[in-house]
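J.: Residues per chain, in single letters:
Number of protein chains: 2
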Amino acid sequence: MSLLVVGTMAFDAIETPFGKSDKIVGGAATYIAWSASNFVTQINQVAVVGEDFPATELSALAARGVRNEGVQIKKGEKSFFWSGKYHMDMNTRDTLDTQLNVLADFDPIIPESYQDTEFLMLGNLTPAVQMQVIKRLKNRPKLIVMDTMNFWMEIALDDLKKVLKEVDVLMVNDSEARQLTNEYSLVKAAKKIMGEMGPKYLVIKKGEHGALLFHEDSVFFAPALPLEDVFDPTGAGDTFAGGFIGHLAATKDISFENMKRGIIYGSALASFCVEKFGAERLREITKDDIENRVQEFVSLVQFDIELVD
Amino acid sequence: MSLLVVGTMAFDAIETPFGKSDKIVGGAATYIAWSASNFVTQINQVAVVGEDFPATELSALAARGVRNEGVQIKKGEKSFFWSGKYHMDMNTRDTLDTQLNVLADFDPIIPESYQDTEFLMLGNLTPAVQMQVIKRLKNRPKLIVMDTMNFWMEIALDDLKKVLKEVDVLMVNDSEARQLTNEYSLVKAAKKIMGEMGPKYLVIKKGEHGALLFHEDSVFFAPALPLEDVFDPTGAGDTFAGGFIGHLAATKDISFENMKRGIIYGSALASFCVEKFGAERLREITKDDIENRVQEFVSLVQFDIELVD
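Order-wise, the sequence lines are chains C and Z. Quick note: the first sequence uses the working numbering, first residue 2, plus one each step. Quick note: the second sequence uses the working numbering, first residue 2, plus one each step.
The reader is advised that the hints may include incorrect statements.
Identical copies carry no separate label here, and so any pair may be met within one copy or between two of them.
[To be verified] Capping the alpha-carbon separation at 25 Å, the derived lysine to any residue pairs in SDA-like fashion look like this:
| no. | residue 1 | residue 2 |
| --- | --- | --- |
| 1 | K192 | N293 |
| 2 | K86 | V220 |
| 3 | K192 | D117 |
| 4 | K193 | P18 |
| 5 | K192 | H210 |
| 6 | K86 | E276 |
| 7 | K136 | P234 |
| 8 | K86 | R294 |
| 9 | K143 | Q296 |
| 10 | K207 | D175 |
| 11 | K189 | G20 |
| 12 | K207 | N183 |
| 13 | K277 | G85 |
| 14 | K207 | S186 |
No lab work stands behind these hints: they were computed from the structure.
Looking at chain C on its own, in the form it has when it is part of the complex:
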């Protein structure tokens, strides 16, 4: 069940209609690791941080089975920093500040002990770095899942398209799927991505409106849990990705049926993530909490219609 996760480990400062955080630990790979560690006992983490990154965070993750041999700590440098403000709908946000810092020349190192990886999760990151990770693995993993964002479509589309050719599952949100394909219909966008761009599976994240999983002519939909309050959506997409790949890696089953379960686990984890600032809630939840939340998803969509043949 070896799982390699690559992505940012960083600082965020977040404003929402409900409050404002200090500079807190964030980053795609951080959320993915917290989330996936509910399913697998070992995660091989690849990232780069500055000297300012708290050792307590790395040791807290290590206690959850997240190995940090591949996490480079750059002396005298600062970690990536992002600051943003969410609008009332919690689906749109303004970036207030971005400081690349150590991310500017991230050269991902894959320790020898990571080489047996079966599952690779490429968190949102410069496409060229995602590609380097793939190339530096001696054997192709059984499943490569990739997250990306509109920003890379605007400034590094060619690199992005090259990585797409190498991955099995692409994970984007609805507006990114539209931007990547110039198709407004998500069904048409999915056909174009799976037919022409590389990935054989596509996950489209729609935030509070749930998520879609496409493969060949099949489509699966999982709602987001209707929540009384969404406190902070930062990291929800990464947490979703962590639950998805974590479940797949734990079960070693990459069938469409099992990916559906991965989507449900991902959605359940994401529904916890948004309840508090940053990854705070993810540090608290237990296996029981997760199972109870999954049961809520079952109740939410379960219906019983007797169809006449």
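Based on the hints, put chain Z in the right spot on chain C.
T.: Structure of chain Z alone, referenced to chain C:
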């Protein structure tokens, strides 16, 4: 299984990114009747039209069991007319023209033969007219379902609140639920509507993002079917309502479990409606088409997770 439907029967002229219709037959009660007639053999229709309304439409509906004794035809007057243009997202639209015509002083007549009605569907209409219909029924129906819209919240909120006190199920879209309650969270909006305003059930329609059914502490979610093309969303909400109440009236079962099925049938019918201009597609579909579409909904959300106790 007596079902009374009240609402507009009218003309629409529609522009979408994909085309432009002539002046075609529309109106909430028209869509509801076409949709519900797939489930029940008799519908008691209450509406008002002008001399310009095509007799062929009334006879086509009559052939489907839609009685028009309660449809007033105003000599020398014109039917209600609406014209609108949809944006690319198909969820937002601009009204280009509204001509009230016969609707300006609609005094709904309930024929004696309609008095035994068990199910009442109040299509979107002036709240005062909806109230008159309720008052003119000698016995309260077993279930009253009401649709409304933001327009009435702006110009007739007091009247609307009075009708709300009389109904069992309110059907609105997400922005209307927010507007009615001043709550952004749909879960909080639902609690307020069911706790303070009258309805014990709430259906929130989210267009391409599906629909939610709330009752006490239970919530059910049905997705919209991901479609390659949404050609014209006009009437989709009314068609959804018609499928919902049609299924309930046909089964005479107003349990939460059966309402879930109603939501699925409503969603299935709505997914046909948007495939062509106006109610055109609704005239073509067969019982088999509907069952096949419902099967697609089953596949779309079905997953199998074994939970540990």
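J.: Taking the numbered hints from earlier one at a time, note which ones the structure violates and give those numbers from smallest to largest.
T.: Checked against the structure, the hints that fail are numbers 2, 3, 7, 8 and 9, while the rest are satisfied.
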